[in-house]
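> Those sequence lines, one after another, are chains L and W.
With the working numbering applied, the first sequence has no gaps in its numbers, which climb one by one up to 202 at the end.
With the working numbering applied, the second sequence has no gaps in its numbers, which climb one by one up to 202 at the end.
Hints are supplied without guarantee of correctness; some may be wrong.
If chains are identical, the list can't say which one is meant, so a pair holds when it fits in one copy or spans any two.
The list that follows gives simulated cross-link-like pairs (lysine to aspartate or glutamate, DMTMM-like), each with its CA atoms no further than 25 Å apart [as the list claims (entries may be wrong)]:
{"hint": "1", "residue 1": "Lys27", "residue 2": "Asp40"}
{"hint": "2", "residue 1": "Lys27", "residue 2": "Glu152"}
{"hint": "3", "residue 1": "Lys27", "residue 2": "Glu74"}
{"hint": "4", "residue 1": "Lys80", "residue 2": "Glu142"}
{"hint": "5", "residue 1": "Lys162", "residue 2": "Glu142"}
{"hint": "6", "residue 1": "Lys80", "residue 2": "Asp99"}
{"hint": "7", "residue 1": "Lys27", "residue 2": "Asp94"}
{"hint": "8", "residue 1": "Lys162", "residue 2": "Glu129"}
{"hint": "9", "residue 1": "Lys27", "residue 2": "Asp99"}
{"hint": "10", "residue 1": "Lys162", "residue 2": "Glu152"}
{"hint": "11", "residue 1": "Lys162", "residue 2": "Glu125"}
{"hint": "12", "residue 1": "Lys162", "residue 2": "Asp116"}
{"hint": "13", "residue 1": "Lys80", "residue 2": "Asp94"}
{"hint": "14", "residue 1": "Lys27", "residue 2": "Asp70"}
{"hint": "15", "residue 1": "Lys80", "residue 2": "Glu139"}
No lab work stands behind these hints, which were simulated from the structure alone.
Number of protein chains: 2
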Amino acid sequence: MNRASDVRNPLQRLSALLARLPGIGEKTAMRLGLSLVRADPEYVQALAEAIGSIHAQLRFCSVCCDLCADEVCERCRDPKRDRSTICVISQPQDRMAIDRAGVFHGLYHVLHGVLDPLSGIGPAELRIEELLRRIAAGEVHEAIVATSPNVEGDATALYLAKLLRPLGVRVTRIASGLAVGGELEYADMNTLQRALADRRAL
Amino acid sequence: MNRASDVRNPLQRLSALLARLPGIGEKTAMRLGLSLVRADPEYVQALAEAIGSIHAQLRFCSVCCDLCADEVCERCRDPKRDRSTICVISQPQDRMAIDRAGVFHGLYHVLHGVLDPLSGIGPAELRIEELLRRIAAGEVHEAIVATSPNVEGDATALYLAKLLRPLGVRVTRIASGLAVGGELEYADMNTLQRALADRRAL
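Generate coordinates for the entire structure from the input sequences, incorporating the hints supplied.
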């Protein structure tokens, strides 16, 4: 109703900007805006600074294409990491999830997406060229394709396997099946089909 | 694991700051941080600017204590509003909700909280002094107490009624009962009790 007159209001303006973030609706945006009004000024300035400088401070690692502050990210610089294994992932969050699992000590390669022809994302939109260059350098023995086990992720994995195998590298795919700790009764049909098909000898 | 080394990372720093907002967990914060990395630079700068300047730009209306950009808010300045009725609310969001309903044309008064002795919030922490001053000025005939119908909101309403009635002002309370469009079957016990007790003649 008085929307037009409210645009001048700094709180309305802030919450309209916050509402453009993914998963933040109008009400949540207003709640966040009000919490910023009430928050410690030092924190609010630090947040504004961190947001304002994020584009200037972040770039893509020239090796693995992950987001980082330097020319080469800390993982790619780490001499303790196994350089013969590359885990290919679609986005930076996936690297964090795998790091949290704490069992992978090789290097990563971030594609920044998966093949999705319907959304106009083909091989040229992904960081595949960079991956081929790394593999061609000869140090890599295995590429673990860890895209999500859905239609686009599986298609991307198959595409990469076709591309990488001729380069003499072993291409593997992360396993799919029932979640550990989950109940078989509640597993969805597709997962159960995959879990049965990929059964292994005990 | 590599948390300590990640603090240098601007993305980790940004998402740690975002995670301090209410209702934003670590994963959501990282998702928001990454969405800012990918967002239009113009938008990101506007957001940083809006956050950074919110404290400097906002103040409390000297009449109704609502948050606004000026000395007196647009509602209190609006000559078309009915100055004889004041709707007393606990927070700015409640004013927005009532505005959306589009049936109230009087003025507001924002308490910025409700009485909550367990959290150390007594009358001195709320904008009650300012409300008394407005009422004492003599223009107000009715104060509608529209705090939420829970323990603290009801207690605040009773407290205000005691305080305001001697000033010769009519004090009313917004109605409680079944939500319009809701199902009686699913109403909670307390609401149903209130709906029965407050039944009105047809």
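> All the hints need checking, so say for each whether the structure fits it.
The hints, checked one at a time:
When the C-alpha separation of Lys27 and Asp40 is checked against a cutoff of 25 Å, the pair qualifies both within a copy, at 22 Å, and between copies, at 23 Å. With identical chains, the CA atoms of Lys27 and Glu152 are at most 25 Å apart between copies only, with a shortest distance of 23 Å across copies and 33 Å within one. Proximity of Lys27 to Glu74 under the C-alpha cut-off of 25 Å is restricted to the inter-copy arrangement: shortest distance 22 Å between copies versus 39 Å within a copy. Only within a single protomer do Lys80 and Glu142 lie at most 25 Å apart by alpha-carbon distance; the minimum there is 17 Å, versus 74 Å between protomers.
For the identical chains of this complex, Lys162 and Glu142 are intra-copy neighbours only, at 14 Å inside a copy versus 77 Å across copies, given an alpha-carbon limit of 25 Å. With identical chains, the CA atoms of Lys80 and Asp99 are at most 25 Å apart within one copy only, with a shortest distance of 15 Å there and 61 Å across copies. For the homomeric pair Lys27 and Asp94, the shortest alpha-carbon distance between copies (11 Å) is at most 25 Å, but the shortest distance inside one copy (29 Å) is not. Proximity of Lys162 to Glu129 under the C-alpha cut-off of 25 Å is restricted to the intra-copy arrangement: shortest distance 14 Å within a copy versus 75 Å between copies.
Proximity of Lys27 and Asp99 under a CA criterion of 25 Å is satisfied inter-copy only: 14 Å between copies versus 34 Å inside one chain copy. For a Cα distance limit of 25 Å, the shortest separation of Lys162 from Glu152 inside one copy, 16 Å, qualifies, whereas the shortest one across copies, 65 Å, does not. In this assembly of identical chains, Lys162 and Glu125 lie within 25 Å of each other by CA distance solely inside one copy; the values are 18 Å within and 68 Å between copies. In this assembly of identical chains, the alpha carbons of Lys162 and Asp116 lie at most 25 Å apart only when taken from the same copy (17 Å versus 66 Å across copies).
Within a single copy, Lys80 and Asp94 get their C-alpha atoms as close as 21 Å, which meets the 25 Å cut-off; across copies the closest is 56 Å, which misses it. Taking CA atoms no more than 25 Å apart as the test, Lys27 paired with Asp70 passes between copies only; the shortest distance there is 24 Å, against 37 Å inside one copy. Proximity of Lys80 to Glu139 under the C-alpha cut-off of 25 Å is restricted to the intra-copy arrangement: shortest distance 15 Å within a copy versus 77 Å between copies.
No hint from the list above goes unmet by this structure.
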